[in-house]
Amino acid sequence: MKMRLMGALAPLALIVATPAAACAEHAKQAEPTKQSKHAAHGGATGTASTEKPSTSPTVKNGIQTVELAVTTKGFEPANVKVKAGHPVRLVVTRKTDKTCATELVAADLGINQPLPLNTPVTVEFVPSESGTLRYACAMDHISGLVTIQ
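Everything in the sequence shown is counted per full-length UniProt numbering, starting at 1 for the first residue and increasing by one.
Honestly, I wouldn't trust all of these hints.
Derived Cβ-Cβ restraints for the label pairs, each shown as a range [stated by the list, open to error]:
1) Leu117 - Gln149: 27 to 35 Å
2) Thr58 - Gln113: 17 to 25 Å
3) Pro116 - Lys83: 23 to 31 Å
4) Asp108 - Thr58: 19 to 27 Å
5) Asp140 - Ser54: 17 to 25 Å
6) Gln149 - Val91: 16 to 24 Å
7) Val59 - Lys98: 32 to 40 Å
8) Gly131 - Lys98: 26 to 34 Å
9) Leu117 - Gly85: 29 to 37 Å
Here are the simulated DMTMM-like pairs of lysine to aspartate or glutamate, each with C-alpha atoms no more than 20 Å apart in a straight line [unchecked claim]:
10) Lys60 - Glu124
11) Lys98 - Asp140
12) Lys73 - Glu103
13) Lys73 - Glu124
14) Lys95 - Asp140
15) Lys98 - Glu129
16) Lys83 - Glu124
17) Lys81 - Glu67
18) Lys81 - Asp108
19) Lys83 - Glu103
20) Lys83 - Asp140
21) Lys73 - Asp97
22) Lys98 - Glu76
23) Lys95 - Glu129
24) Lys83 - Glu67
25) Lys81 - Glu124
26) Lys95 - Glu76
Keep in mind that the hints were calculated from the coordinates and are not lab data. Everything numeric in this text was worked out from a predicted model, so none of it was measured. Here a beta-carbon is modelled for each residue, glycine too, at the ideal position from N, C-alpha and C.
Given only the sequences and the hints, what does the whole structure look like? Please build it.
What follows is the structure in structure tokens.
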């Protein structure tokens, strides 16, 4: 009788164990990325790409000024072009609460600037050489690029 009961339960164990193994494999595949975590709270899911068109600054009194907005899509425009050796002024306005970009971080310049809602914030620097400067939100979920020529 004992052997017969064990024989009847063995297939049941296989049925229970198989979905558990499948769920473990599914959990590995479904592990959230930075982008999907960011999308979960209403933000954009991408980062700036060098393939997107760049925006040029306005120049007044030798200062290159770029106005950036933080929207649910991220930093807009996400890519800007400036000239090396001339002062750059980024004027950043966060226009939504549905974003993680409550700060602007440009690690290469040591910038970590809070972005209060609907308040323009100015960040200034002078790029000394050509290259690319990446900036992002504090969680590094969304970003933008300054291409220095």
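Hint says 32 to 40 Å; check whether the CB-CB distance for Val59 and Lys98 agrees.
Taking Cβ atoms as reference, Val59 and Lys98 lie about 33 Å apart, which means the hint holds.
Could you grab the alpha-carbon distance between Lys73 and Glu124 and see if it respects the 20 Å cut-off?
violated, 24 Å
Can the restraint linking Lys98 and Glu76 be considered satisfied, given a maximum Cα separation of 20 Å?
The hint holds at about 15 Å.
When you take the CB atoms of Gln149 and Val91, is the distance between them in 16 to 24 Å?
holds, 21 Å
Pair hint Lys81 and Asp108, alpha-carbon separation not exceeding 20 Å:
Status holds; Cα separation ~17 Å.
Decide if the proposed pair is consistent with the structure: Lys95 and Glu129, CA atoms, cutoff 20 Å inclusive.
Measuring from Cα to Cα gives roughly 32 Å; hence the hint is violated.
Consistency of beta-carbon spacing, Ser54 to Asp140, with hint 17 to 25 Å
holds, 21 Å
Is it true that the CA of Lys83 sits at most 20 Å from the CA of Asp140?
Violated: Lys83 and Asp140 sit about 25 Å apart, past 20 Å.
Run the distance test for Lys83 versus Glu124: straight-line Cα separation, threshold 20 Å.
OK: Lys83 and Glu124 at ~14 Å, within 20 Å.
Lys95 and Glu76 were given as a pair; does the straight-line alpha-carbon distance stay at or below 20 Å?
Answer holds: Lys95 to Glu76 is near 11 Å, not above 20 Å.
Going straight from one Cα to the other, do Lys98 and Glu129 come out at no more than 20 Å?
Cα-Cα ~35 Å, so violated.
Mind checking the alpha carbons of Lys81 and Glu67 for me, to see if they're no more than 20 Å apart?
holds, 12 Å
In this structure, the earlier hints numbered 13, 15, 19, 20 and 23 are contradicted, and the remaining ones agree with it.
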